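S.K.: Heads up: the sequence lines are chains A and B, in that order. When we follow the UniProt record's numbering, the leftmost residue of the first sequence carries the number 1, and every step to the right adds one. When we follow the UniProt record's numbering, the leftmost residue of the second sequence carries the number 1, and every step to the right adds one.
Calculated from the structure, these hints are not laboratory results. None of the values given here were measured: they were computed from a predicted structure. Be a bit skeptical, because a hint or two may be false.
When chains are identical, the list treats them as one kind, so a pair holds in a single copy or across two.
What the hints assert, rightly or not - Straight-line alpha carbon distances no greater than 25 Å define the calculated SDA-like cross-link-like pairs of lysine to any residue that follow: (1) Lys168 - Gly141; (2) Lys121 - Arg95; (3) Lys36 - His52; (4) Lys304 - Leu329.
Here is how the chains run, residue by residue.
2 protein chains.
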Amino acid sequence: MVKIEIKHWQKSPEWRILIDYFFSLNLAVDCNAVLKALQPIFQEQGMTETVHNWEDHGYLVTYIKKNGSFANLRIHPHGLVLVDLQSYNDDMKGREEVDQLLNKVEERMKELFHSNIKRVKRLPAILRGGVIDRYWPTADGRLVEYDIDEVVYDEDSPFQNIKILHSKQFGNILILSGDVNLAESDLAYTQAIMGSGKEDYTGKEVLILGGGDGASNIDQMVIDGCKKHMRKTCGDVLDNLKGECYQVLIEDCIPVLKRYAKEGRMFDYVINDLTAVPISTSPEEDSTWEFLRLILDLSMKVLKQDGKYFTQGNCVNLTDALTLYEEQLSRLYCPVEFSKETVCVPSYMELWVFYTIWKKKTDI
Amino acid sequence: MVKIEIKHWQKSPEWRILIDYFFSLNLAVDCNAVLKALQPIFQEQGMTETVHNWEDHGYLVTYIKKNGSFANLRIHPHGLVLVDLQSYNDDMKGREEVDQLLNKVEERMKELFHSNIKRVKRLPAILRGGVIDRYWPTADGRLVEYDIDEVVYDEDSPFQNIKILHSKQFGNILILSGDVNLAESDLAYTQAIMGSGKEDYTGKEVLILGGGDGASNIDQMVIDGCKKHMRKTCGDVLDNLKGECYQVLIEDCIPVLKRYAKEGRMFDYVINDLTAVPISTSPEEDSTWEFLRLILDLSMKVLKQDGKYFTQGNCVNLTDALTLYEEQLSRLYCPVEFSKETVCVPSYMELWVFYTIWKKKTDI
């Protein structure tokens with residue numbers, strides 16, 4: 001264990017910025033000529049230079065500034081020049097300096113290569129180590145930055161990490177162990193998992209599994225967070241666990257389903273909002289698939305013959321996982337049929353697949 | 001001009017990957033102890049080390065591998081440790097090596113700091129210099145990665161760069177000079193700019209400005225690209241510039257509007273799909289605002305007293321630009337009223353504001 005002096009990192013206003021910048025060229029380059037051309041721009045900034053020459057792989061030049069900032073200049077002989085600049089403190093002055101430096105680099109490169117520059121790309125700064133984390137990758141693994149401006153709630157329950165972060169455009173977003181679950185902007189999700197407005201629920205018996213953002217859930221802390229900070233999605237339904245026409249059970253749904261099945265209690269609708277289809281595509285190695293199938297079987301046992309089962313699937317790009325889920329449906333105790341719908345859930349930044357499953361009509 | 005040997009970059013299968021990785025700690029750290037702890041992990045990979053010590057700003061350690069890859073290890077005394085690894089060729093083997101290395105770093109950090117690690121974040125790799133560009137920042141400047149898998153069309157017209165890129169989930173996306181304009185998934189955009197299904201267009205006179213993705217536009221090349229590759233959005237409307245009930249004019253809309261105004265030709269609807277509200281918030285410095293107001297004035301001149309003018313605004317987060325746009329509306333030759341609606345356009349990855357504008361009823 002290293003020697004430490006306790007000091008709270010949250011108190012530090014410092015952020016890390018990484019400016020990612022590259023030039024694609026139509027041609028191979030003389031790495032040394034590029035270095036000589038760009039060198040002065042960094043040296044003017046009072047940066048000290050360290051050059052590594054791979055010969056056949058080109059150059060890496062590191063420029064270091066007294067204030068703790070530094071830049072990498074990577075020159076590839078086959079015609080790719082990369083600059084990334086890491087600086088300290090996200091202040092405007094710092095940003096302007098960075099922009100000026102990069103503008104000079106761009107000018108100089110254009111003087112050198114004119115129309116041979118195929119592409120110049122400057123990406124938005126990536127903020128690292130900030131108190132507010134703006135990066136929540138999609139289910140299909142893409143990097144997306146959210147407009148998060150406030151950490152509303154951040155607690156660890158016995159089951160998961162629970163965050164509620166405020167997005168300027170999406171409102172409060174519930175994030176469970178790093179997965180974006182639901183935002184106040186996501187009425188489209190609720191509509192989709194309730195049958196896209198095609199159902200008449202009056203006088204119907206409905207069983208909802210999961211959905212701690214507004215329904216029953218094993219994790220009391222999700223409910224505590226949501227009933228306080230996600231009222232646009234759950235309204236006052238979580239204030240009382242029992243209402244005139246609903247009851248919220250905070251327990252494992254498996255024994256409950258088994259009890260209902262044993263009692264012969266039947267529902268018109270079962271809405272499974274427990275978990276997305278696992279991303280893993282090897283069911284034998286993944287007990288989540290077992291779990292999914294168990295839930296499906298038990299749900300079918302408590303679903304009326306003409307009832308409907310609604311559930312979310314996964315990101316539309318994860319086709320293997322979706323196919324595997326559909327294979328599970330052919331392995332239930334009773335024959336079922338299904339339809340699916342692809343829906344745009346605003347805060348997901350990817351299209352999401354929802355399933356409707358029903359018992360296959362058998363000719364008598 | 002540097003000496004060059006012509007060689008087409010496109011032919012090169014090599015991409016650049018940057019893995020961005022950081023640890024936020026609850027405490028200040030002994031930088032040297034962190035270095036000593038992580039050093040062996042990089043050295044095992046046969047990487048050679050260069051250490052820079054700022055004293056009060058901590059360490060930058062650069063590790064260089066024979067194959068052209070390298071890593072930056074940035075250790076901040078106040079409790080932030082950053083690793084970014086840049087490697088060559090996006091092959092699975094390379095990725096596995098990178099993952100193994102980062103896993104070891106994470107294990108070692110956890111041994112060192114146990115529960116004092118406040119956050120560990122590993123971002124998806126950023127691909128740079130690839131033939132396919134997956135990064136198209138939002139109007140409010142956030143970094144978002146698209147699931148682009150094919151460049152369908154990429155041409156420079158006299159007016160702009162025109163790209164049509166294929167996204168796995170959104171279909172073909174039209175990108176004009178770097179701005180995502182419309183994807184095949186974006187029926188929501190078309191519905192919004194036509195009044196969200198609340199209008200009955202039968203027998204009505206409609207004037208559409210812009211919208212080269214399916215209507216009149218000054219840029220023939222946009223139409224050529226779209227009528228071939230965006231048929232899901234424009235259908236066959238662009239195959240013939242004149243149909244039974246429509247005519248497509250490929251010219252500057254200002255003189256056309258002036259001519260219509262002079263002729264006294266009036267429309268039930270004017271749909272302006274020319275350009276988004278400029279992001280600049282200083283109208284006096286920005287002729288685009290002049291242009292916008294000119295279009296608005298001319299449009300009002302050809303709009304029937306009970307007609308409606310539909311247009312897109314901007315990203316909902318750019319509140320200053322939207323406010324300024326609304327101020328322009330109070331400066332037209334005739335008094336107008338407006339309403340606005342925020343819509344989720346799937347391929348935008350941000351919520352978008354649309355306006356309905358009409359002539360103010362004046363009591364006689």
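S.K.: Each hint needs a verdict: does it hold in this structure or not?
M.R.: Each hint tested on the structure:
Taking the shortest Cα distances, Lys168 and Gly141 sit within 25 Å of each other both inside one copy (23 Å) and across copies (13 Å). In the homo-oligomer, the alpha carbons of Lys121 and Arg95 lie at most 25 Å apart both inside one protomer (17 Å) and across protomers (24 Å), since each shortest distance falls under that limit. Both within a single protomer and between protomers do Lys36 and His52 lie at most 25 Å apart by alpha-carbon distance, with minima of 14 Å and 23 Å respectively. For the homomeric pair Lys304 and Leu329, the shortest alpha-carbon distance inside one copy (17 Å) is at most 25 Å, but the shortest distance between copies (57 Å) is not.
No hint from the list above goes unmet by this structure.
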